[in-house]
Amino acid sequence: MRKLLEKLDRVDRRVIYVLMALSVFVPLVFRLDFPIPVGGGPSRDLFEYVDSLPPGSTVLISYDYDPSTMPELQPMAVALTQHLFTNGHRIIATALWPQGASLSQEVLSSVGDSLGRTQYSDWVNLGYTVGAGVSVLRMGSSMQAVYPQDRDGVPYDSIPMLRRVTVIRDLDMIVCLSAGDPGIHAWVMMAGDRYGVPVGGGCTAVSAPEFYPYLGTGQMIGLLGGLKGAADYETLVREGAVGCPPGTATPGMAAQSIAHLVIMGFIVLGNITYLSVGKGRKGASR
Amino acid sequence: MNWDLVGIWLGAVLTLMLYSFLYRDNPFYKFAEHLFVGMSAGYWLIYTIFNVLIPNFWNELTGAGDGTPDLLMVIPGIFGLFMLARLVPKIAGLSRLALSMIVGTGAGLGLISTLQTNCLSQVEGTIVPLSGVGTAGFLNNLILVAGVVCGLVYFFFSKAHKGAVGAAANIGITVLMIAFGASFGYTVMARISLLIGQAQFLIFDWLPTFSIIFGAGG
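From first to last, the protein sequence lines stand for chains L and B.
Read left to right, the first sequence gives residues 0 to 285 (numbering that gives the first Met the number 0).
Read left to right, the second sequence gives residues 0 to 217 (numbering that gives the first Met the number 0).
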């Protein structure tokens, strides 16, 4: 037993990498499907708030991320867009991150086309703006001042669905999909606390813990944290809609769960070998 | 030429080159790393010029957008040039003028909002009732209040952490450790999610291209 523990203590880190890779690739290749129970929590809160909006509401989604965090945030964007369009809402897309503007175009055009929603009537992409929180603050006095034209150069005042949206208070809800700063902090601080617009969010798992205090105080109405949050939302959207195409977050959860089990196994094993072999080594050196 | 196919293959080959570092450092990894750094620098330079400088500065200054030149844009233009003065040691001090304006504006705009959002609202959030909320609510609120108070006691260094203060500080550090554990768990999830994203790309986007390329003639 002791020899086995000593071997484990000296295990090549590449063995761990191979096992981690297998724990991710095998469930994906064999398309393992794990159930994703969605309890009462920030994911459901966001879903239910969107569900409670009256048809024809205008929701701003800010795409504050870039391709490096697409695996976590893009599935949220797709599921949220499907939900909003299915419920008959209009979407205004903005971005505080430069590449967010292209990512939003990809989501809105593909989901919009599949559900028969048209640009400028049901959705518009205003693109990227500099200034982060300062720009959000300025939207409080004039949306057009921040976005004189949309991403394709069409003037703000000639876009039909924007005629009733002159300031940020005219929005029914804001959802920020954020990979860092600028992102949720700016929207909660300026749009939520200052102008009273309900703010929801989705973020990478790394940054999720820092936004939980906003949920406790009611400064945010809901939060999707990482791939699990995205899978929760996909599950909730698919529950309520027939024939809704599956997203990419839900199939990834089986790989995620197995990878977590492998990591937990290594943590337990590492502690056991450390306590037995490591202690013996310490005693021998005395 | 199918450019989508080229893009998928470039992405896949570069992904494999970067992951090869897990075996050991090698020239393929180095090539992919340097390519990424160089491409990023070039991409951001061009992106900033065309998406920030031209629409927000040049078009406003020359009136290219609405036909009305805004000569006041000369002022931020000069401040922008001051930032570049850091490259010339003799006039590097000019950059401080630009920096002071950025810091001053940021502090002025953000001070009240930050205080309201991240301090006062959070304090308000910890003032919760302990009665009339049921057993679960009572326990939840008690943990919240005790955790916050004990966590703050841990960072109170003007009194030795002994006796009751020491006990509260110990509870505080335990609460902090639980928070760090939750944060670590989320970090692990995030990193695995990125690996899953790349794995999905390799399996569902890249592997099917083999049949397109090699199966076409068969």
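FYI, nobody ran anything at the bench for these hints, they're computed from the structure.
Fair warning: there could be bad hints in the mix.
[Said to hold, decoys possible] Covered stretches of chain B, as calculated for chain L (at least 3 residues, CB under 8 Å):
| hint | segment |
| --- | --- |
| 1 | 150-158 |
| 2 | 177-188 |
[Stated by the list, open to error] If you anchor each label on the Cβ, the simulated ranges turn out as follows:
| hint | chain 1 | residue 1 | chain 2 | residue 2 | range |
| --- | --- | --- | --- | --- | --- |
| 3 | B | L110 | L | Y119 | 54 to 60 Å |
| 4 | B | L110 | L | D151 | 25 to 31 Å |
| 5 | L | P159 | B | A91 | 50 to 56 Å |
| 6 | L | E209 | B | L34 | 29 to 35 Å |
| 7 | L | G130 | B | Q115 | 15 to 21 Å |
| 8 | B | G10 | L | T165 | 40 to 46 Å |
| 9 | L | F29 | B | R23 | 44 to 50 Å |
| 10 | L | G130 | B | P68 | 20 to 26 Å |
| 11 | L | D112 | B | M100 | 41 to 47 Å |
| 12 | B | Q115 | L | F29 | 50 to 56 Å |
None of these values were measured; they are calculated from a predicted model.
Virtual Cβ for every residue (Gly too), placed ideally from N, Cα, C.
Status of each hint after checking the structure:
1. Taking a C-beta to C-beta cut-off of 8 Å, the segment 150-158 of chain B contributes 0 residues in contact with chain L, too few for the three needed, and the coverage statement is violated.
2. As drawn, the segment 177-188 of chain B meets chain L at 7 residues by the rule of a beta-carbon pair under 8 Å; at three or more, the given contact holds.
3. Separated by about 39 Å at the C-beta atoms, L110/B and Y119/L break the suggested range of 54 to 60 Å.
4. Checked against the hint of 25 to 31 Å, the C-beta distance between L110/B and D151/L comes to roughly 37 Å, which is inconsistent with it.
5. Restraint check, P159/L to A91/B: a C-beta distance of roughly 52 Å satisfies the suggested window 50 to 56 Å.
6. Hint check: E209/L to L34/B, Cβ distance near 33 Å, so the stated range 29 to 35 Å holds.
7. Checked against the hint of 15 to 21 Å, the pair G130/L and Q115/B passes, with Cβ atoms roughly 20 Å apart.
8. Checked against the hint of 40 to 46 Å, the pair G10/B and T165/L passes, with Cβ atoms roughly 42 Å apart.
9. For F29/L and R23/B, the hinted distance range of 44 to 50 Å is not satisfied, since their beta carbons lie about 30 Å from each other.
10. Checking the proposed 20 to 26 Å range against G130/L and P68/B shows it holds: the Cβ atoms sit about 22 Å from each other.
11. Range check, D112/L to M100/B: about 45 Å between beta-carbon atoms, so the 41 to 47 Å window is met.
12. Range check, Q115/B to F29/L: about 51 Å between beta-carbon atoms, so the 50 to 56 Å window is met.
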